[in-house]
Amino acid sequence: MEITYLEAIRQALWEEMDRDDQVFMLGQDIGVYGGAFKVTKGFLEKFGPERVIDTPLSESAIVGAAIGAALMGMRPVVEMQFADFISCAFDQIVNMAAKHHYRLGEPVPLVIRAPYGGGIHAGPYHSQSPEAWFFHVAGLKLVAPSTPRDAKGLLKAAIRDPNPVIYFEHKYLYRHMKGEVADGDDLVPIGKAEVKRPGSSVSVITYGAMVQQSLGAAERLMPEGIDLEVVDLRTLQPLDMATILASVEKTGRAMVVHEAPKTGGIGGDIAARLAEEAFRYLDAPILRVAAPHTPFPFSPVLEASYLPNADKIALKARELANF
Amino acid sequence: MEITYLEAIRQALWEEMDRDDQVFMLGQDIGVYGGAFKVTKGFLEKFGPERVIDTPLSESAIVGAAIGAALMGMRPVVEMQFADFISCAFDQIVNMAAKHHYRLGEPVPLVIRAPYGGGIHAGPYHSQSPEAWFFHVAGLKLVAPSTPRDAKGLLKAAIRDPNPVIYFEHKYLYRHMKGEVADGDDLVPIGKAEVKRPGSSVSVITYGAMVQQSLGAAERLMPEGIDLEVVDLRTLQPLDMATILASVEKTGRAMVVHEAPKTGGIGGDIAARLAEEAFRYLDAPILRVAAPHTPFPFSPVLEASYLPNADKIALKARELANF
Amino acid sequence: MPVDNVTPTELLKIYYYLKLTRGLEQRVITLYRQGRIVGGVYISAGEEAIAVGSAAALEADDVIAPSHRDLGANLMKGITPKEYLAQYLGKQTGLTRGRDGNVHYGDIKRGVIGFISPMADLLPVAAGVGLAFKLRRERRVVAAFFGDGASSRGDFHEALNLAAVMKLPLVFICHNNQYAYSTPLERQMAIEHVADRAKAYGMPGVTVDGNDVLAVRSAVAEAASRARQGGGPTLVEGKTMRMRGHAEHDDASYVPAWMLEEWRKLDPIDRFGGYLRERQILDDAIATEIDDRLSKEIEEAVAFAEASPFPEGKGPNQLRLAALLAP
Amino acid sequence: MPVDNVTPTELLKIYYYLKLTRGLEQRVITLYRQGRIVGGVYISAGEEAIAVGSAAALEADDVIAPSHRDLGANLMKGITPKEYLAQYLGKQTGLTRGRDGNVHYGDIKRGVIGFISPMADLLPVAAGVGLAFKLRRERRVVAAFFGDGASSRGDFHEALNLAAVMKLPLVFICHNNQYAYSTPLERQMAIEHVADRAKAYGMPGVTVDGNDVLAVRSAVAEAASRARQGGGPTLVEGKTMRMRGHAEHDDASYVPAWMLEEWRKLDPIDRFGGYLRERQILDDAIATEIDDRLSKEIEEAVAFAEASPFPEGKGPNQLRLAALLAP
Ligand SMILES: Cc1ncc(C[n+]2csc(CCOP(=O)(O)OP(=O)(O)O)c2C)c(N)n1
Ligand SMILES: Cc1ncc(C[n+]2csc(CCOP(=O)(O)OP(=O)(O)O)c2C)c(N)n1
Ligand SMILES: [Mg+2]
Ligand SMILES: [Mg+2]
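Top line first, the protein sequences correspond to chains G, P, F and S.
Numbering follows the working numbering, in which position 280 of the first sequence is assigned residue number 280; successive positions increment by one, without gaps.
Count along the second sequence starting at 1, add 1000, and that's the number in the working numbering.
Count along the third sequence starting at 1, add 2000, and that's the number in the working numbering.
Count along the fourth sequence starting at 1, add 3000, and that's the number in the working numbering.
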């Protein structure tokens, strides 16, 4: 049966809460209200107020408290109401959570759910894609599923991971993306990318909401004889370089697509690694399709011009294929 | 006369405070104590407690207050005691300071001085190089001088800039780096790199404390007939791509060197831009020499193995020259 | 209610702004239901007295740091209904020219610090504006608004402490409207009055009936006058109630019906209207005149906003930042 | 001083740890002057009673979140002098195996949350440990230490508020040592007692003589017992004085000499020693025995630390993180 991306997240949380009584959730308005996006609707009734904790409006304390509970072996799952407010907990994440297991060898099994991304007319403070900040921070794992199956499987894997994982869930996909999920414990391993569409002309390396857009670009280019290979990273940290390199070795042409601004985005690192590790296979420049270097704009016209989409991807992919 | 990098920063602050009574400083222990590194020693006596403000231990409020004063047309200069604690003010910087002039068209003339970098045996919390986080944030300019002259000229330019500038001053260079500075208003323009050593074999693109190390590597390789060109970025945002591209066009070989961890560092973006914009000139893979993906270690043995240096740069540059 | 030397003209001005706020927001709700608004809608209905009463206590060159429920204060500082509506429609004529939306606007020239989403972020910024006043020896004051929920954020603490230590000319004004989104007060703090937090900073804390516009005005006026004389900041808490959902998508079913019923009886505009009528400052004729003027102003604003162009997707608008970033 | 049902054995234990703390730190200062320490040195001389008195009030399975001046508490929780010194020397045998230095260590198995630099960061973490105890129905308590300066940080506010709202089993313990680096109290806060901040959270706030180890012990014991019974958190402030520089590089010339003189008379170890002698729990013979044991323990620790290897620069040590990061 097809379910939404949001429902897949809900199922993963539900099943993990059910499986392990050390798993609990904390965040703003996740209990009585069921979360700003209703991801945790019904959880309070089922699991009670001690495992579904409505907190004060204090991102830093929420993450800090989750770290503390994790140090005692519990498995907290924090919901940021919007990924945009993760900057309020930045210090706890980068200085405490990320460095603790390196410094002391103690596990910190913590998951932070970060509803991110645009396309929902929500402006500079409810649309950001902040994953690149954390990509630079050693000690954090980052996942960003694009389908219900991965959303469910990666969240389960994240909750069972011994150390901090930031789980980027895309707000646009919540209700726009549907798909099958397997019953039961279908874990998606952290650190494994997936070739979503095999192809021979150009490797499109992407994640999150841009996977669908890249597949759309592939459809668009098929009639022209341009055959895109779409690689869905799924995990951003650590990168699955084996899969990326295998794809680029095959196609000889690579582009990276993400919704976050290009400058300083994760695409830069992937392109850089390709420019080092796949140099001999490259037949063309490595391109990046990503948002421009401005804050995320509000007005729909600006938003449309800001966000990458299938058209823009197809344009660049054509350029690359014809290089 | 040769002065230290620290003295150059001091002179820039002193002269700007003297020149414009709207310039003032705020930070922890900068007044009576003269700053953790004594950069502002003597300022309280000269400019008084209203322009040299010792604040409570509140990074977020310090930056927020500086933003507010900047909105009123003043020119606050914030001292972070260590760049490592900038994460405590992260939200104010990325959500308020950086976005304000885009959103409202109002200038925010704010400078944040961030003493950063390692090599001083100070461990995970007093050695970090966090510039890449801000590189990804539209609306911030970033400078990172490597010499007394640039330290002075860039700080003056930063203070006169109409919008937020983060000024990364390297703690190791404070007293280890000496050089001439011109008298008077020798401003170094934001956004201009400098070729520190012309060469023909490999372009080494770098900044901060790694400039000296790269020049050291160049010396080491000279006898082997390998002639490095060392490009000192000086400004990290916006990047001076013209200078970088001109260099790589000439040498056909590029490497980026920085002290911050390689993964997600600024080097990735530079390499990516080269892989796109200089592809046709490239005769070899683009290499990066940077710290590994771990927190900054404390023990001198670990620190030495963690930090890039002239030897490690020479090793990679040789590899590249012989590719 | 204390009269506090407020002239009838001023009283009518307060009444006008209360009604304008209510009317404009009501109109936005209608537009929202018609699908003509971009994104979410944040309403201050029932708590207009805090914004309007506070702004009425300020001098023309004082500055405000609004929260998302301070339309009334923004209007009194000179933000126009046209700009307000254009903002909601994502138009070029909004104060952010479409770059930001709904309640995220301001104009420092008119003394309004542009609001941003992260709760309490504007409090340190407001302190900095106050610091500029202090350093320049200007006798100006900053009124900084925030909610009960926002008072749980670290920035609230750091800002109030900084302002108190530096004796900055600030009035911190809390809309204690019983809820932060779905979170009731007792899950937000273990104290009864947000004003009690003032004790942690060594500043005066005052709790007032936030639905009594003159009570708010007089508390803020007293605090502002102390601040202006170098006496440092004050925390003023107005007790009120969020009468609608957190935003218009939220039916607020978590709020007990009796609470809304009780508070509805305390509606600040009804109460102030009654008071003005008692004192014969307001009568049916004046009320009708005001209503007419209001609906004209509001409809003109709607027409203006709808007729306004969207910003251009490419070109100067997006490029402006590049220019700002260039050396 | 209240006796508070403390047995002579316990009293001597407290005395021992006070002296061990002072002795170890004195030794580190010597090593620092000899250039044998890596990096900076943070000393708690003169404020040992807060750390030791607090830890003495805890049960074995309680947890502490130390600040950088809580060596005494760490030792009482079982951190050894050897580990402490190896940490200062950057050795493999330190609790962070050379990855971090000086006061940045801990061991959750022994109930010590690893300290990190950003002031007040450990307070929310401590609240989370308390939350785990509460959720698991364990009758354990967390003692979380911080300085007067740290109380200006947002994380202090958020943590205390969260703990109060959730009624977590926490004792927040402030070293009010008059300074934060060079910043005196009056530039840090506009109140006299850090304990007054408790009012902002609806928790009890207690100020004690921080140089009276039994007073600290009894205040913390009372707070811990309330916390253990589900009564929620308490803020305990110990008034004390930082008797040395912020770190050993700092000559603290900004501290008036008279302050140090006054406080030196109140030295917590001298006072407690005098008290024990008065009660005939301590005499010259026992004191000498203790001193001998201490210097033996300290010298053994120095020898151990110096003989310990540095971590390996390459190989497993750096790779460990990669392993943790791998899927
Ligand atoms: C730092 C931060 N976290 C979460 C949010 C999401 N959010 C927006 S308003 C709000 C509730 C605010 O409550 P309160 O401060 O009481 O103001 P009110 O809406 O009741 O006027 C929340 C949780 C936010 N804007 N900022
Ligand atoms: C967030 C943060 N800002 C600045 C510093 C630098 N710093 C280290 S200790 C200290 C003073 C701390 O004062 P207090 O909390 O009173 O503790 P004390 O040193 O007096 O025991 C400062 C400013 C820091 N560690 N963390
Ligand atoms: Mg509220
Ligand atoms: Mg102190």
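Since the hints were derived computationally from the structure, they do not count as laboratory data.
Fair warning: there could be bad hints in the mix.
What the hints assert, rightly or not - Every beta carbon over 12 Å from chain F, so not counted as near; a handful from chain G, in silico:
no.	residue
1	46
2	91
3	178
4	182
5	184
6	198
7	226
8	242
9	243
Stated by the list, open to error - Listed next, the in silico DSBU-like pairs over lysine-lysine satisfying Cα-Cα at most 35 Å (straight line):
no.	chain 1	residue 1	chain 2	residue 2
10	P	1250	G	250
11	F	2314	P	1156
12	P	1312	S	3314
13	P	1196	P	1312
14	F	2167	P	1156
15	F	2167	G	38
16	S	3199	F	2134
17	S	3134	G	156
18	P	1038	G	312
19	P	1316	G	192
20	F	2082	P	1046
21	S	3265	S	3082
22	S	3314	P	1316
23	F	2167	S	3199
24	P	1156	F	2134
25	S	3134	G	41
26	G	38	S	3134
27	G	312	P	1196
28	P	1041	F	2167
29	F	2134	P	1046
30	F	2199	S	3314
31	G	192	P	1046
32	F	2109	F	2134
33	P	1038	F	2265
34	G	46	G	178
35	P	1192	F	2265
36	P	1046	G	316
37	F	2199	S	3265
38	P	1046	F	2167
39	G	312	F	2314
40	F	2314	G	316
Ideal placement from N, C-alpha and C gives every residue a C-beta, glycine not left out.
Cross-check of the supplied hints:
{"no.": "1", "hint": "46", "verdict": "holds, 18 Å"}
{"no.": "2", "hint": "91", "verdict": "violated, 10 Å"}
{"no.": "3", "hint": "178", "verdict": "holds, 22 Å"}
{"no.": "4", "hint": "182", "verdict": "holds, 33 Å"}
{"no.": "5", "hint": "184", "verdict": "holds, 33 Å"}
{"no.": "6", "hint": "198", "verdict": "holds, 35 Å"}
{"no.": "7", "hint": "226", "verdict": "holds, 26 Å"}
{"no.": "8", "hint": "242", "verdict": "holds, 37 Å"}
{"no.": "9", "hint": "243", "verdict": "holds, 34 Å"}
{"no.": "10", "hint": "P:1250 / G:250", "verdict": "holds, 30 Å"}
{"no.": "11", "hint": "F:2314 / P:1156", "verdict": "holds, 34 Å"}
{"no.": "12", "hint": "P:1312 / S:3314", "verdict": "holds, 14 Å"}
{"no.": "13", "hint": "P:1196 / P:1312", "verdict": "holds, 19 Å"}
{"no.": "14", "hint": "F:2167 / P:1156", "verdict": "holds, 30 Å"}
{"no.": "15", "hint": "F:2167 / G:38", "verdict": "violated, 44 Å"}
{"no.": "16", "hint": "S:3199 / F:2134", "verdict": "holds, 29 Å"}
{"no.": "17", "hint": "S:3134 / G:156", "verdict": "holds, 25 Å"}
{"no.": "18", "hint": "P:1038 / G:312", "verdict": "violated, 52 Å"}
{"no.": "19", "hint": "P:1316 / G:192", "verdict": "holds, 30 Å"}
{"no.": "20", "hint": "F:2082 / P:1046", "verdict": "violated, 50 Å"}
{"no.": "21", "hint": "S:3265 / S:3082", "verdict": "holds, 31 Å"}
{"no.": "22", "hint": "S:3314 / P:1316", "verdict": "holds, 18 Å"}
{"no.": "23", "hint": "F:2167 / S:3199", "verdict": "holds, 21 Å"}
{"no.": "24", "hint": "P:1156 / F:2134", "verdict": "holds, 25 Å"}
{"no.": "25", "hint": "S:3134 / G:41", "verdict": "holds, 24 Å"}
{"no.": "26", "hint": "G:38 / S:3134", "verdict": "holds, 27 Å"}
{"no.": "27", "hint": "G:312 / P:1196", "verdict": "violated, 39 Å"}
{"no.": "28", "hint": "P:1041 / F:2167", "verdict": "holds, 25 Å"}
{"no.": "29", "hint": "F:2134 / P:1046", "verdict": "holds, 19 Å"}
{"no.": "30", "hint": "F:2199 / S:3314", "verdict": "violated, 54 Å"}
{"no.": "31", "hint": "G:192 / P:1046", "verdict": "violated, 60 Å"}
{"no.": "32", "hint": "F:2109 / F:2134", "verdict": "holds, 18 Å"}
{"no.": "33", "hint": "P:1038 / F:2265", "verdict": "violated, 62 Å"}
{"no.": "34", "hint": "G:46 / G:178", "verdict": "holds, 25 Å"}
{"no.": "35", "hint": "P:1192 / F:2265", "verdict": "violated, 65 Å"}
{"no.": "36", "hint": "P:1046 / G:316", "verdict": "violated, 58 Å"}
{"no.": "37", "hint": "F:2199 / S:3265", "verdict": "holds, 32 Å"}
{"no.": "38", "hint": "P:1046 / F:2167", "verdict": "holds, 23 Å"}
{"no.": "39", "hint": "G:312 / F:2314", "verdict": "holds, 14 Å"}
{"no.": "40", "hint": "F:2314 / G:316", "verdict": "holds, 18 Å"}
Checked against the numbered hints given earlier, this structure breaks hints 2, 15, 18, 20, 27, 30, 31, 33, 35 and 36; the rest are met.
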